[in-house]
Structures are given as structure tokens and as C-alpha cells.
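Those protein sequence lines, which keep their order, are chains H and B.
Take the first sequence: its position 346, counted from the start at 1, is 346 in our numbering, and no numbers get skipped.
Numbers in our numbering are just positions in the second sequence, counted from 1, shifted up by 481.
Since the hints were made in silico from the structure, they are not lab data.
Here are some of the chain B residues that sit facing chain H, going by a computed Cβ distance under 10 Å: (1) Ala487; (2) Glu575; (3) Asp799.
Heads up, the beta-carbon is just placed ideally off N, CA and C, and yes, glycines get one too.
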Amino acid sequence: MNKQFDEMHSAPDMVRAHYQRYARWLAEQPGDVMRSRREEAATIFRRVGITFAVYGAKDEDGAGTERLIPFDLIPRIIPAAEWRDMERGLAQRVTALNRFIHDVYHGQEILKAGIVPTEQVLRNSQFRPEMVGVDVPGNVYSHIAGIDIVRAADPASTDGSGTYYVLEDNLRVPSGVSYMLENRKMSMRLFPELFSQHRIEPVAHYPDLLLDTLRSLAPASANDPTVVVLTPGMHNSAYFEHAFLAQQMGVELVEGQDLVVRDGFVFMRTTQGPRRVDVIYRRVDDDFLDPKAFRPDSTLGCAGLLDVYRAGNVTLSNAIGTGVADDKSIYPYVPRMIEFYLGEKPILQNVPTYLGRDKADLQYVLDHLDELVVKEVHGAGGYGMLVGPAASKQEIEDFRAALLANPSNYVAQPTLALSTCPTYVDSGVAPRHIDLRPFVLSGKSVQMVPGGLTRVALKQGSLVVNSSQGGGTKDTWVLEA
Amino acid sequence: MLSRTADHLFWMARYMERAENTARMLDVNYQMSMLPQSADEAEQGWRALLGISELTSSFNEHYPTVDARNVMEFMVRDAGNPSSIVSCVTAARENARAVRGALTTEVWETQNQTWLEFSRLLAGSDFHRDPSTLFEWVKFRSHLSRGVTLGTMLQDEALHFLRMGTFLERADNTARLLDVKFQSLIGDYFGAAGNGQGPAQESQEVDFYHWSAVLRSVSGFEVYRKVYRNVIRPDKVAELLILRPDMPRSLAACMNGVVLNLDPVANAQSADTMRRAGRLRSDLQYGRIDEILATGLHAYLTQFLDRVGDLGVGISRDFLVPMAA
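Can you make the complete structure from the sequences, with help from the hints?
This is the structure:
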């Protein structure tokens, strides 16, 4: 899998069919015009306040910790036919994952059938015993899922066709959708002519789909449900997105301190007294949701929330306990879940994965550390991982020690040659590695907008696309031929 | 709407208004410092400004001498001073950021842009060379902020709390400005210590520059001429800035604004706050300047400031601070 796949070029001088019109346009653009558009984009993002906070970081004045996520001008283009397949695969995968979560908290059929090891689920720190036997609306748990997909060169093919792999499932509180929407706004503003020349699938209706999904999940007792977005507050790294989604949906953005439980329901404190809340799109992790049930030191949640939730008097989106299904140690079993619950062959592929908890796998991993990507089972944001081929001897040895100390905390995968896409960097246009996060909404039905958020690793050769580690983003076009 | 949201909106408007009025107050002092006067008088002007803003001791902790440069440094860009313009602009923006979803995109972007550009302005040049231009800029950003609010926001509770913040802060600031300007030149001339005979004839020229600067600081110079069509006299200046309901920065106009925006949001526990606001407004509506001057302007303004302070506390308690569960 070491051959490189480039989204735009099938060979150095060969532009793929779906990029040809764009490449012609790009070749005509004077360099200084593109440069000034890059600056314009940065200015607008700053003015609009599309920033994220970096944990622990300070600027030179020791103050502001807000940074821009670099926006790259060159879009990532996906042919519509490829997207249709991916869309079917995503719907299939998320449906199976939701069935799995429901099963885990009810009959546990998949454990009885021996398809997923029981202790892997029940001893998982993300398994919430509080949720056993609790029914949630429509039996759907992860209403908003972000599925990370990468493409790698197909080892068998010579024409450079690539294969999409699911890298991980984010079923708890995936973020990034606001950047998908703002990136599209930005490219329409900077390059209106491109949108008249191309048939690009729109994405701006995402907040509408989201609101529709959230309303459909309301408890039966609410006939005109009140939906709110729960944020940890303005110092959270994704605060912009929380505020953005609340505003776009026209619902209140609340913090834990704004909520209060009374008489078995959740209320928000308003200038006109308490008002009942029916659906909470929470962007707060399970652990912080209810100091009475989970972490007692949490000030981000609302005391008594879990009881109201279990009684079915408020809907939490996503449900509590979805983390049991997006754990990296559960990931290897997703293809088998799809077959078990849906009786279908998986449309999207998994990356082969070695489990630290498995003796044979562990030995293989230890023997091949310099070739593999090793990740913490619960890690996120690109922290706590080893990219073998890019690591120094010392880093590899340090990681080996950590791995041996707690093997079941790690999984490993071959270093995929993530596909590249031409990207503006200081020296000009150069290929950089990218991934894709489509956002899948599950309520009464499964819905998504075409495409998703494309993240790009701006450092040459880097495979880490996370914004907290120097990643940028691109507009993502699903292009009708 | 959420109590916390209302609180942020209220304070966003207050901080922006305070930034504007601080700029106005500094500008009038700066303009006056260019009139012929002794070093003592100049220093007295800056001292009075610190005093009325209740910042004297905080200033003395950090600056060795009271002079134009130090006071302006302290009041414009000292982030350690919570009342400096930079602190106000930052606080306005932070409050806006906390509730950006409750604001229109234009309102949020205006606040954010003001904050970004102000930092750039301060970093880019030495504002002491031409402070008036910076003060003008602050004023116009505040005008823009108000205009974009009125021009784009839905006329619901959110707007009422914003406007309430603007008017309450302006009432406070105009009262302070009046107090400092009447005291600095003539002591408590209109008060018990005064002899009631008015300023001596020879000081009329000084008076003209003094009072016209005061009027200009509240954009009231042309208004004064239009209303009184007469020479500028301190008692008329006081009347204009306290009692005229049609003068946008007068205490009467501010209290009308407060009551107007308080009425539609009344709730089950706000009766006493409504009563206090209405009463303060009536006092201004039916007040007479000779009575006010007879009791002493300083005493009157001090009491007014207390009542405005109480009103702010009442509004917070009734609407903004979340009730205990």
C-alpha cells in the first residue's frame, strides 16, 4: 500500500477527468491573484470569528488562544458516482453501529453469538451500565456521526484507482461540520465563477436536516419540542461550532448553569422564568453531563439530568453510552456487525487492525513498530499516537515501553499512504495528505449532505490532519459529471 | 430568552457605551488641555477625571505622576484597568462572543472587527501624537455598533436588554461627566458652598471654551445653540444635559430609554425595579433646573448615580442572574 494516490493527478501530467475543468481554470489564475485571495480568506475568517481555541496555548502577548484553521483554496473533488457508493456505505455502517449500541444495552445478542468478545464491551470504560435497559427514541443512539474516511492507492491497480477505507467512527460528539459549511461559503464568495462552471452539490441545508433530525427525536409528550444546543462554554475549542449550529437552527445555546431539573423535567432559566427543554443536542462528553451520576466535579452539566433522561422526559443527542461503539478496540468488529445485524456485505472497508490485547497481534506490532501507526484506544485529536515511519528511534522506543506497560490500550494499523491533493503552501502548489469526514444524521431516517469536511496535513509528508496539530481544511465538492 | 444570554447582551451594550463615553471624556479633557492654563489646572482636570471614574487609587498604584500622557495611557490601553477603552472593547466583544448565536451576523462581526482593529490601531502607531483621531474612531465604532443593532436585530427581548444596557450606562456616564466638569472649574459652584452670584464677568471667555468643550463631548454644541439660541451658560448646559428629553445623551432621555425597554420584558418579580425606574424618570420629567441647582448639583448627581446603580442591581437580580433552582 505504499504507492501514492493523488486526487487530482493519475500521473504527473495526467489530470483525472473530474478535475479537468478545475485544473484548466487554476492554470489561468495569476499567482498574485491567488495569493491575495488566500489573504482575503484569512481576513474574513478572522472577522467572522471562525476560530478554535488551542488547549494550553498562548500567543506572544500571553493572551488570546484563538487560532484560525487554515483554509486551502483548492477544493477536494469527489465524483458524484463515487459519493453515491460512499453514501450507501455510510448509511449501512451507521445503521449497524446504532443497532449494535442498542443491542449492547439490551439483549446483547451479538455478544451471545460470540461475534464481539463480551469483556471487550462490558469492561470498556465507555460502556455505561446506567443505560442498560433504557429505551431511547427510535432505538437510535448516535444521531450525529462523523465517519473518518481516507483513500489509499489500490495496490493491485496500475491506473491509480484508489480504495476508500473507514479510519474511525466518531459516534460521541464529532465536530467540524461548521467548517464544512463555512468553507463552502468562502469558496462561493472567492470563486463565484467556478460554481457557475461546475455542477456542485449544495451543502448549506445541513442545519435544516439537523434540526429536523433533533425534532424527530423529541419525547412523545412534547408536541412542539424545544431543542437546545448544550456547550461547555466559550473556552471550548469547538465553541464557534456550537454557537454557529444553534444560530443556524434558531435554537438556544445553553450552558450547564442555564439548565435545572425540576419535577422530573429539564428546564432552562429564562428572563421569563423556567422553560421546559425537550431535546438537548449536547456537545459535552458523557462524563460531564450530570455531576450526580458521573463526574461530581463537573460544572458543565446539569444535576439530575440522567434521571430525567432515563425516564424518557428529555432526549439527549447523541445518547449516553455511544462511546462503546466508536472505541478503537471495537472498530475491527464493525464489518462483522454489519453482516450480523443487516445481513449485508459491508460497502465500505475497514483498515486492517492489530489489537494490542491479542498476543499474536501484539508481537507483530512490536516487531513492526517502524512501519505501523499505533494509536491509543480512546485517543482523539491526533494525540498519543505513533506514526512509525516518521518517528525517531527514541520515539519508537518510548512508545514500545508505553505499549508493553498497557498493551490493551493500543491498536495498530499499517501506515496507509493517505491520498494527496494539491494544496497551497508557502513554496507554491504541492501535494498534501487529506482525509474526509462526512456527517451522518440518524433520526427517523438516515440523512447526510453530499461530501463532508476534508482535512489536510499542511506539513510536507505529514499524515496528521487534526486542526490542533497544524492541519487545515478544504472545501469538498461532490461533482455531477 | 436565557437569563445568561440577556446578561451578556446587557453587558455587551454597556461596555461598548462605556468605551464611547470614556473616549468622549478623555477627548474633552484633552481639548481643554490645549487652552491656556497653568500646569496645576491641567493636572487638576486629569485628577478629577480619575476621581469621578473612581480610579484614583488604582492609577496611583501604577503611575508616578498625574499628567495627560499617563492618564491617557491608563484610560486607553492599560489592560489592567477594567475601565480602559481597550478593556471595554474587549469585554464587549467577549460578551458578544459568548452569545454570538443570539446576535445577527452583522452585530457580531461589528463587535469582533472593532476589537481586532482597535488592537491593530494601538499596536500600529503612537496614539499620543493624535489622540483625538483615536477617540473619534472609538465613537464611530460605537455608533456603528448601535446602528447595526437597531438596523438588523429582531425587536424582541434581546434587543430590549441591549438597549437597556446602552441607556443605563449612558445615564451613568453623562452624570459623571457633568459632575466632573462642573466641579473641576468652579468647585461645587452650584452647591451649598456657592454664593449664588454666578461666575464673574471676566471668566466668561474661559467659560465659553470650557462649556463648549463639555457640550461637544456629548455632541451637544449645535444642539445647545438650536435649543437656547443664546450664549452658553452653565445652568443651561446643566438643564440640557439633565432634563431635556429630546437631547439624546441627557439623563432624562436615558431614563426614558431605560423605562421604554424595561416595560416589555417585565416579569413576575420585577415590580419593584419597574417602580424605581419609573420614579427616577418622573423626577427628571417634572424636575426643574433651579431646584436642582439649589440643592447642589454635585449632591444631586451623586444621588442620581446611586439610584442608577440600584437600578442596575435590580435589573440583574430580576432578569439576568439565574434564579436558584
